[in-house]
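> Residues per chain are reported as follows:
2 protein chains.
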Amino acid sequence: MSNIIKILYERIDSQDLWEKNLVISRNEYLKVSGTIDTNLYFILSGSLKIFFINDHEEHIIRFGYQNNFITSLDCFITEEPSELYIQAIKKTEVRVISKSTYMDFINHNPEHKELWDMILGELIVQQMEREKDILITSPKERYQRVHKRSPQLFQEVPNKYVASYLRMSPETLSRLQKS
Amino acid sequence: MSNIIKILYERIDSQDLWEKNLVISRNEYLKVSGTIDTNLYFILSGSLKIFFINDHEEHIIRFGYQNNFITSLDCFITEEPSELYIQAIKKTEVRVISKSTYMDFINHNPEHKELWDMILGELIVQQMEREKDILITSPKERYQRVHKRSPQLFQEVPNKYVASYLRMSPETLSRLQKS
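Top line first, the protein sequences correspond to chains A and B.
Counting in my numbering, the first sequence runs from 474 upward without gaps.
Counting in my numbering, the second sequence runs from 474 upward without gaps.
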């Protein structure tokens, strides 16, 4: 767990700001398309995928693993409905904090605010890397870039989902992993 | 020009924080791959494209138009070299402010800080929309989504660059614009 996330998690914990814990079974949804969900979730165990559906196809855009936050970031920012789904890949336990509680927590302490700004900055850079990943045509190069940046992904997430995220068939991914 | 950008521009102006103006000719570079550029630019006139090169191909990821800010956002955040190019599409005049001057300006006034946070939030949402744009396979749907969200793009930028940004041939774009 990155240090920043660890600090924020422990501070939220010590101030007793978690609303509840949720246990979701494998394949169960935390959020479905067309809904507003502005909660922030901290993943105690398990893993989740975020995707949208276009032309009957599931497009995975993000994963969440143990000891990280996950949220429908578009809802979190705009407070409007989004077409994203968040679904458990395996049995998952999350802790829930509402946006308003979280933003109070952030805005009442300049140090928290600074940590949160760092997370948002890192997120923007990750999104730019992700945009490049998608635009790069060579499956091998896409695989190598993501493997270098997020080795954890390949341990935590079944290959069929990683392949979808990397825009390649599971067979191509297996071949690349062996080479 | 969005209201937020207008306010920030005028405040920077009234505090006389612009370092200089730069005029760049058509096809001239503001930044090339492998360099660090943490400046923020305000576009007085003209337009620019941001791209990276992969496998000898130019992949356009962003445009900048009159009355908007442009920056190599990855450098701006990480202060490390990036592979992005920023190039003028036509003769362009920008005003330059350094990151350190800009961040002082932002951090010394809670109202400025709030406006900047709103810009960053909007940016994250735009990047998510862009990610979806790229993943959607139908050229028609990609065109319609971007046209709805950024009609200005099609007025300011020559079709060949818009086509590259939309991952389609100029011929496909022309056909879609006529239909």
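Any given hint could be a false lead.
One copy or two, either will do: identical chains are not told apart, so a pair holds if it fits within one copy or between any two.
[Unchecked claim] Derived lysine-lysine pairs resembling DSS-like cross-links, with alpha carbons at most 30 Å apart:
hint	residue 1	residue 2
1	Lys651	Lys586
2	Lys563	Lys493
3	Lys651	Lys572
4	Lys605	Lys563
It is worth saying that the hints were derived from the structure and are not from the lab.
> So which hints don't hold here, by number, going up?
1, 3
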